[in-house]
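Protein chains in written order, with this note's numbering: chain A, 9 to 299; chain B, 3 to 336; chain C, 72 to 318.
Just so you know, the hints here were simulated from the structure itself, not pulled from any lab data.
A quick note: this is a predicted structure, and the numbers were derived from the prediction, not measured.
Every residue gets a Cβ at the ideal spot worked out from N, C-alpha and C, and that includes glycine.
Any given hint might turn out to be false.
[Unchecked claim] Examples of chain B residues toward chain C, derived with CB under 10 Å:
hint: 1; residue: Gly143
hint: 2; residue: Ile145
hint: 3; residue: Pro148
hint: 4; residue: Ser184
hint: 5; residue: Arg188
hint: 6; residue: Val191
hint: 7; residue: Glu195
hint: 8; residue: Arg199
[Claimed, not checked] Facing chain B, a subset of chain C residues (Cβ under 10 Å, in silico):
hint: 9; residue: Gly80
hint: 10; residue: Pro144
hint: 11; residue: Asp146
hint: 12; residue: Leu173
hint: 13; residue: Lys179
hint: 14; residue: Gly217
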Amino acid sequence: MVNFINLVVAGLATGAVYALIAIGFTLLWQTSQTINFAQGEFAMLPAFLMLAAASLGLPLWLAVLAGVAMSALVLGAAFKFVLVDPMLKHGVLPLAIATMALSIFMKETVKEVYSAEAQSFPSLLPDGNVAILGAPVSLQSVGVFVTSIVAVAALQLFIARTRTGRQMQATAQNPTVARILGIPVERMILLTFVINAVLVALASALISPIYLAKFSSGETLGLAAFIAAIVGGFNQIRGAIAGGMVLGIVDNLSAAYISTQYRGAVPLFLLIAVILFRPQGLFGRAEERTV
Amino acid sequence: MTTLRSHPVACALFAVIALGLLFGPLALNRYGLYILSLWAVTTIAAIGLNLTLGYAGQVSLAQGAFVGIGAYTTAIMTTQGWPILAALAVAVVLCFAIGWLLGYPALRVQHHYLAFVTLAFSTLAFLVFRNEEWLTKGIYGIIGIPRPVVFGFPTTRPLPFYYLCLGSLTLVSLATWWLVRSPWGRAFVALRENPIRALSLGVDTRRYTLMAFAIGSALGGVSGVLYAPLVEFVDPTPFALTHSLNLLMMVIVGGAGFFFGPFLGAIIAVLLPEWLRFAQGYYLIVYALFVMGLLVWSPTGLLGIADRWMAERRTRAASAARAAAAPTLEKEGV
Amino acid sequence: MRTVLEVSGISKHFGGIAAVDDVSFEVREGEILGIIGPNGCGKSTLFNCILGQLTPSKGDVRLDGQTVTGMRPSDLNRLGVSRTFQLLQVFPQLSVRENLILAGQEHKGTMLSRLFGARDAGLTGEADRMIAFFKMQHLADERAGGLSYGQQKLLDAAMAFMAGPRLVLLDEPAGGVNLTMLANLKDRLRAINVEQGATFVVIEHNMDFVMSLCTRVLVLAEGKVLAQGTPAEVRADKRVVDAYLGH
Numbered sequence: 009m010v011n012f013i014n015l016v017v018a019g020l021a022t023g024a025v026y027a028l029i030a031i032g033f034t035l036l037w038q039t040s041q042t043i044n045f046a047q048g049e050f051a052m053l054p055a056f057l058m059l060a061a062a063s064l065g066l067p068l069w070l071a072v073l074a075g076v077a078m079s080a081l082v083l084g085a086a087f088k089f090v091l092v093d094p095m096l097k098h099g100v101l102p103l104a105i106a107t108m109a110l111s112i113f114m115k116e117t118v119k120e121v122y123s124a125e126a127q128s129f130p131s132l133l134p135d136g137n138v139a140i141l142g143a144p145v146s147l148q149s150v151g152v153f154v155t156s157i158v159a160v161a162a163l164q165l166f167i168a169r170t171r172t173g174r175q176m177q178a179t180a181q182n183p184t185v186a187r188i189l190g191i192p193v194e195r196m197i198l199l200t201f202v203i204n205a206v207l208v209a210l211a212s213a214l215i216s217p218i219y220l221a222k223f224s225s226g227e228t229l230g231l232a233a234f235i236a237a238i239v240g241g242f243n244q245i246r247g248a249i250a251g252g253m254v255l256g257i258v259d260n261l262s263a264a265y266i267s268t269q270y271r272g273a274v275p276l277f278l279l280i281a282v283i284l285f286r287p288q289g290l291f292g293r294a295e296e297r298t299v
Numbered sequence: 003m004t005t006l007r008s009h010p011v012a013c014a015l016f017a018v019i020a021l022g023l024l025f026g027p028l029a030l031n032r033y034g035l036y037i038l039s040l041w042a043v044t045t046i047a048a049i050g051l052n053l054t055l056g057y058a059g060q061v062s063l064a065q066g067a068f069v070g071i072g073a074y075t076t077a078i079m080t081t082q083g084w085p086i087l088a089a090l091a092v093a094v095v096l097c098f099a100i101g102w103l104l105g106y107p108a109l110r111v112q113h114h115y116l117a118f119v120t121l122a123f124s125t126l127a128f129l130v131f132r133n134e135e136w137l138t139k140g141i142y143g144i145i146g147i148p149r150p151v152v153f154g155f156p157t158t159r160p161l162p163f164y165y166l167c168l169g170s171l172t173l174v175s176l177a178t179w180w181l182v183r184s185p186w187g188r189a190f191v192a193l194r195e196n197p198i199r200a201l202s203l204g205v206d207t208r209r210y211t212l213m214a215f216a217i218g219s220a221l222g223g224v225s226g227v228l229y230a231p232l233v234e235f236v237d238p239t240p241f242a243l244t245h246s247l248n249l250l251m252m253v254i255v256g257g258a259g260f261f262f263g264p265f266l267g268a269i270i271a272v273l274l275p276e277w278l279r280f281a282q283g284y285y286l287i288v289y290a291l292f293v294m295g296l297l298v299w300s301p302t303g304l305l306g307i308a309d310r311w312m313a314e315r316r317t318r319a320a321s322a323a324r325a326a327a328a329p330t331l332e333k334e335g336v
Numbered sequence: 072m073r074t075v076l077e078v079s080g081i082s083k084h085f086g087g088i089a090a091v092d093d094v095s096f097e098v099r100e101g102e103i104l105g106i107i108g109p110n111g112c113g114k115s116t117l118f119n120c121i122l123g124q125l126t127p128s129k130g131d132v133r134l135d136g137q138t139v140t141g142m143r144p145s146d147l148n149r150l151g152v153s154r155t156f157q158l159l160q161v162f163p164q165l166s167v168r169e170n171l172i173l174a175g176q177e178h179k180g181t182m183l184s185r186l187f188g189a190r191d192a193g194l195t196g197e198a199d200r201m202i203a204f205f206k207m208q209h210l211a212d213e214r215a216g217g218l219s220y221g222q223q224k225l226l227d228a229a230m231a232f233m234a235g236p237r238l239v240l241l242d243e244p245a246g247g248v249n250l251t252m253l254a255n256l257k258d259r260l261r262a263i264n265v266e267q268g269a270t271f272v273v274i275e276h277n278m279d280f281v282m283s284l285c286t287r288v289l290v291l292a293e294g295k296v297l298a299q300g301t302p303a304e305v306r307a308d309k310r311v312v313d314a315y316l317g318h
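Chain A on its own, in the form it takes in the complex (with noise of 0.2 Å):
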């Protein structure tokens, strides 16, 4: 009982940090139909940049400071301009497989430049353990899921609550109406597109302390993103969250109970039961077929 404890909180942590990647997916589809398939590689990314600035001698806080704000302008805004718009006049599928050899640019460029070796990467959070429901559970994984909780709260009050945030919601269900009653539709893909940058960095710097950084990070953390948003219902936000609790804890219990060599399997069986029988995801709404 006590290991099963550890172990639904430990996949409580990895699955909040997955629900922050697939949101950020999650929008970025939304807002622009842009599928990236280098979502993996955003997530990837960050740590490496926060361990550079780091290395320059920045106390841990700033360096995690810079690589949010590097990450907001690289993953965000230089994105957003350098690759998605030139290619979204292309469609859908080009940019998809755009996103793929970005993919491959990102991950091959942090081997080469910074090291093919995982690095360890400290931690924002104390060390020691917290009981819950008696058993002794790692205050690590706590504060993992309790800030991405916290970050998905604040995100969701920003969309709900500001007018910024009301507008973004506007212009991501239905762009042609929202430029019509005089939203800056692409002001507010823009800052989509630096939430997203924001929310894989925060990802980013909660998830390298426990499964350290390498530049392959990206391959796992990719798929299970991609898996969370379709099995929480690839057009919803809250898809996404509820998407990413399943998957992290799945994926925790049957690498316990079940086998961990075939742990990486787990993303395809869920992946293959929600098409089969639950096709819009938990959340979403069954399609009709479109015109």
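Knowing the structure of chain A, use the given hints to seat chains B and C on it.
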């Protein structure tokens, strides 16, 4: 679907290349023959992926895994004494069936779910290759894969094996050409260009897409069947996600949907590591940048650029002809 | 004369809004029914409900007595229903003749037989006949993407008739077409209606086109049937005049 066949210059070019492929290798050394054989084998996988991506418009991120399935099937069976044709049969059936099983649920949904399903399957396949040591010898791999004997001729030496690869490529190309020129090919074009219109004409887009994907996956398996005896050793590494991405880039760079796209893309992908050998690991970075740049400029790849140039020449000629014929057309009210 | 299409009580709700509200009508063999109405009155939604692109919230669609509500468009097509589109019309890479062959090939044989049968599925003759009927001989080998807008519309219409359908739904066939071409289109549609004995349902904005082509007209406003009758009756109906002028 466009080919450059109708143009006399292209025909001449084709003839020159064909002759070069037939007789040139007599002058090549062992390494040159290896590269050319690798190109032929890779092109087969790329042709399969082109069917899925270029003709049916679906992204498959598992082609590398299917190559792996073909390779392991051959490695396991031929080291046990089975003839390569038996391995070929098993690999083709297996890959086709898996393609069908993956595609059937994935294509029921609207979005590009096949991409994600194949991505996840790629991970699973790699795990099976690596973990099931009793079958695949895991990370140690299977060594001593024999070269087949074809019509009584052994292919142990590089030159005969190259001709086997070239012959297989020719057969696959002919079969694919025939497929693409059949009513199925027309249906593929339809569902890629205008799927809603295609549906309204009775084209069962889902069934055709599924077939394209399953056949494309089977061709990946065929590629693997030749790959195993080519390198005479299989382990999981060449069949990881990276290889699927490479195959995808290849098809894109050559020109998705063009018949000769895979040929062009494969030669670039096989030669690039050689040309950029001085740059060591940087060649992938350069390649990725090149692909992104190419996509921005011409999403239909290199052959797309050629095709656009030719189409422009055609339209200019046609406009001139139309201008000359204008008075007659107006009379018909068209 | 038999009833080819029977639409009963079709409603389609999006959220709280009824785009189509309890629409019922019949179309008899050989008729050309025009559906008109102000912008946003639900014409396209109604069409899509009949054609299986949308599943109606309520109501039935019957084709020659058989219930076909919500059937997939490709299955409906194989039962003999075809349509033209407002946008998204032809296949740009294929030639005009190839477009027509494609339009007919899925109705001959099975998928497997198509793989091993003739390249053109035996349809070159029929395609050429259709090309001649629509007076497009000089365009037969042209890439459809290179045709003018009006020519593409004509090809779109021709494609709808390749499989000898019993019911054809035309979605704004006159939209954006010049006057000369329009007269040609109307003439060809009337001719093929007589020759093939097919039944048409036409959505249009172009009043002259509808009134001169159609044998009966149905007027929709705000998702409901406002009036139906012959063109003359409808034109004289005060409610119709109000609905159009009121907007």
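Tested hints:
1. Gly143: violated (39 Å)
2. Ile145: violated (41 Å)
3. Pro148: violated (35 Å)
4. Ser184: holds (6 Å)
5. Arg188: holds (5 Å)
6. Val191: holds (6 Å)
7. Glu195: holds (5 Å)
8. Arg199: holds (6 Å)
9. Gly80: violated (25 Å)
10. Pro144: holds (5 Å)
11. Asp146: holds (8 Å)
12. Leu173: The hint holds - Leu173/C has a Cβ within 10 Å of chain B, the shortest such distance being about 5 Å.
13. Lys179: For Lys179/C, the interface hint holds, since the closest Cβ of chain B sits about 9 Å away, which is under 10 Å.
14. Gly217: Status holds, d = 7 Å.
Violation of the numbered hints given earlier is confined to hints 1, 2, 3 and 9; the remaining hints are satisfied by the structure.
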